[in-house]
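J.: Residue numbers (this note's numbering), protein chains in the order written: chain V, 1 to 466; chain L, 1 to 219; chain C, 1 to 246.
Just so you know, these hints were derived from the structure itself, not from any lab. Hints are not guaranteed to be accurate.
Listed below are the simulated BS3-like cross-link pairs for lysine-lysine, each with C-alpha atoms no more than 27 angstroms apart in a straight line [to be verified]:
#1 L:202 to V:32
#2 L:202 to V:192
#3 V:32 to V:370
#4 V:294 to V:370
Here are the computed distance ranges between Cβ atoms for each label pair [to be verified]:
#5 L:86 to C:203: 55 to 63 angstroms
#6 C:131 to L:30: 53 to 61 angstroms
#7 C:149 to L:23: 40 to 48 angstroms
#8 L:178 to V:38: 27 to 35 angstroms
#9 V:66 to C:70: 52 to 60 angstroms
#10 C:166 to L:45: 44 to 52 angstroms
Just so it is clear, CB atoms sit at the ideal spot from N, CA and C, and this is done for glycine as well.
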Amino acid sequence: MRNEFAEAARHEVANSQLRANIRNATHTIRAKREEAVAEVPDWEQLREAGRRIKERTMRNLDRHLEQLERSVTAAGGVVHWATEAADANRIVGDLIVGAGAREAVKVKSLATDEIGLNRALAARGIEARETDLAELIVQLGEDRPSHILVPAIHRNRGEIRELFRRTLPGNEQLTDDPAELAEAARRFLREKFLSAKVGVSGANFAVAETGTICILESEGNGRMCTTLPEVLITVMGIEKVLPRFADLEVMLQLLPRSSTAERMNPYTSLWTGVTPEDGPREFHLVLLDGGRTKVLGDADGRAALHCIRCSACLNVCPVYERTGGHAYESTYPGPIGAILTPQLTGFTQGNSLPWASSLCGACYEVCPVKIDIPSILIHLRSRINREVDGYGGGGERLAMGLLARAFARPGRYERAQRFGRWLSRPLTREGWISRRLPGALGRWTDVRDLPAPSAETFREWWAQRR
Amino acid sequence: MSSRELILGRVRAALADVADDEPASWIYDRDADEHSRYARAGSRDPEALAALFADRCGEYRATVTRAERAGLGPAIAAACARHGASSLVVPTDLPEAWRAPGVEWREDHPSLDVHALSGFDGALTGCAVAIALTGTIVLDAGEAQGRRALTLLPDLHICVIGEEQIVEGVPEAFERLAPAARSGRPLTFISGPSATSDIELKRVEGVHGPRRLEIVIAG
Amino acid sequence: MRIALFTTCVADTLFPGAGIATVELLERLGHQVSFPRAQTCCGQMHLNSGYEAHALNIARSFVEVFDDAEIDAVVAPSGSCVAMVRDQYPGLVARAGDLRLQAAVARLVPRTFELSEFLVNELGIVDVGAYYPHRVTYHPTCHSLRLLRVGDAPLRLLRAVRALTLIALDDAQGCCGFGGTFAVKNADVSTAMLADKMRAIQATGAEVCTAVDSSCLMHIGGGLRRERAGVRVVHLAEILASTEAA
Ligand code: SF4
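Required output: the full structure, derived from the provided sequences and hints.
T.: Here it is in structure tokens:
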């Protein structure tokens, strides 16, 4: 099996502008998140409550989905079920065409990114206009998102100014002041909001008990997309359901502080079906499986579905910090992407991602719903080795097998120690090997000296001493 | 088989390890223990709550002023003057006492179209509840709040909050909002003016929603 | 206290000084130290590389060696190996469904300690009577920090060492990029992480970089040697074992 991540990462790591942009942004947000979290005395209890809410929900997902469907329907909404990406794309496209529209305004949604909705709609001649500032930057630049919350995190203000000057009419004099850049986006999108017939959104949460959909945002584009158009279509992964309205009191404390390090994000909108004289006249909820039931089927990997997409794990990840999001080649980069992508795709994509981690544990420490990402990474490594393809290849499997045999018997282990010492002696100077070695070890010795087996092992010293 | 049946079937198959009689959800009053018992109620008195709320909103660069209930008209007029706003759109059930002289008032009835709404200098509403710890106001389409577009399109939102509407934390707000949610009314949580952190993860105020937020606490 | 030393395969084979220092230190503090000779490895590399079945076999031998009523505590000069036992063994053996093994692990977990947390939290000692006349910077290794939560135990021990000048490390909690086979499987990323760590270490002007894990020190030390940076890596146990007389 190829190590796609390592190959892609090589290019990204070599891009010093990219590394500087991402380092700068992630270090800023890390410090702010820590502050925002530190002022909440019951933060740990909230995290644990969040974890338990999610765990219970997943373990009874069928019941909650059925209840959600009943509640939404009772409130005047229409529920659609999509087994996979193509179904969801077709449903959304049909609804837009049915509304007599050729375009739709969209508020940032990972689910629709995952299923490639914009591309599928474009193929039917429907324009989907992203309205979130970072998504707009990505869309105008024909770029790919690199972060789940701030898809244009890999771009700095200077690069964004150039893009806007080039693509947004009337902005030739634009400076790189972020406030001015935001203003340019506001002017560009205003008319689109006012004239849009169809809005498309994702969902942060959906409450089964009441049929209420909840989205969190900052700019107001979410409010625009979910209130002004006549028809609103929400696409959500089935794992986003929450059983009770009261569950939101936990999630709305955990999510903003973990994602943008704010006490509360500027706007959170909740709506239930359709409301007469207020907002869309039609509401459609598309419930997407798209591999989620595969994740659900692995009791040791299931917790990946608990994710509330805050992006804290990306922001603290030392690997993400060096590579950015593109190297993951997935809608979901970073630690959460490493555990979600291979599972969602039934191990047909992203199989090198569980190895894209030094297992430092920073992600687990910040995750607001306490997903033990390192343990799931380890679990998936074994699953992939076992079920898909020996990831490290035959050489590694052989070496690991031999080592395991040695470790299983002290006698064999001691012989292996002596053999290693004999083998490395000609290369050893002052206890270290400085020469470049062939094969996998070469990737160590390219940049680091390698310690050689000691002239006297600890156990030899011990035996001597007694 | 329909997609619905297919998905629900897959979910059930995936959850073969879960016992049928397991509780389906986590309920605070029933399930919280020392590891998960987060704070559900604060202990600050009304005066401290108002001060904290004002302080937190201020950090979002919303302007917060306080007024006696009898003096709301002048306080609102002053807010308009600060922003040079001379025309306000309001919900039909806005209290008479809030309608300051010297400002042009227009009720959103029959519903104005989006371009008309955009043309006003500002919108004036009340709210359902306010959260002190996070500096948040919540609208639930109830009394003196109107429909959602009203507070979205004009560039200035002036919101009047009764002191008794301020709660300490998020859970207390949810308790008060539950009836509105159950009856299907839309809720909007607003914490400061619209903002973005999309450029280098630095917060900038003012994107699509109202760029200016004026809060008047009535006590 | 009867302490069994788990020296770890890395220290045993590559850095015996860390094991020797642990023995000398604990004996100097008046404890009886044993070295069960049948020990080899905890199985961490196998588990973390995706060879769960091998890891389980190795864990089985580990438990056999150390699940002994005559032992009050198992102490290792390694955060990550102890984290393997405390954090990963319970799940590993539970998945294997071996009840006897599960019970043995349950006995072992509360008695297994990394050296610095053992000294500070279990023995309640901060000043171990060490003398080390050098400028030292301390790198908190990921597993000792986030899995074992040793907190500032190593720093408290270092602050009590006579003649030692402790210099704070910038962005100390950043991973050094070792991560076992990660260092070769994702060599470019690992190297970028290591470069940042080495830069921070060199900026301190310290002569010595210390930590509680030989494996991370092997990574950092290997990089520093290659750059001829003039900074040595020394395991915390070796600093604590040093005395004026020696
Ligand atoms: S895994 Fe946890 S930390 Fe990462 S995005 Fe999801 S909720 Fe946030």
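J.: Lying within 55 to 63 angstroms: is that true of the beta-carbon distance residue 86 of chain L to residue 203 of chain C?
T.: Check passed, 59 angstroms falls within 55 to 63 angstroms.
J.: Just to be careful, I want the Cα atoms of residue 202 of chain L and residue 32 of chain V compared with a cutoff of 27 angstroms; is the pair within it?
T.: 10 angstroms, holds
J.: Could you grab the alpha-carbon distance between residue 294 of chain V and residue 370 of chain V and see if it respects the 27 angstroms cut-off?
T.: 21 angstroms, holds
J.: Quick one: are residue 66 of chain V and residue 70 of chain C within 52 to 60 angstroms, going by C-beta?
T.: Roughly 58 angstroms apart at Cβ, these two residues keep to the hinted range, so it holds.
J.: Can you let me know if the beta-carbon spacing of residue 149 of chain C and residue 23 of chain L is within 40 to 48 angstroms?
T.: At roughly 31 angstroms between Cβ atoms, residue 23 of chain L and residue 149 of chain C fall outside 40 to 48 angstroms, so the hint is violated.
J.: Check the following: the C-beta atoms of residue 178 of chain L and residue 38 of chain V are separated by a distance inside 27 to 35 angstroms.
T.: 30 angstroms, holds
J.: Take the C-beta atom of residue 166 of chain C and the C-beta atom of residue 45 of chain L, compute their distance, and say whether it sits inside 44 to 52 angstroms.
T.: 47 angstroms, holds
J.: Between residue 202 of chain L and residue 192 of chain V, does the CA-CA distance stay at or below 27 angstroms?
T.: Roughly 26 angstroms separates the two Cα atoms, so the pair holds.
J.: Is 53 to 61 angstroms a correct range for the gap between the Cβ atoms of residue 131 of chain C and residue 30 of chain L?
T.: 59 angstroms Cβ-Cβ, so the 53 to 61 angstroms window holds.
J.: Given the proposed pairing of residue 32 of chain V with residue 370 of chain V, does the C-alpha separation stay at or below 27 angstroms?
T.: 19 angstroms, holds
Checked against the numbered hints above, the structure breaks only hint 7 and satisfies the rest.
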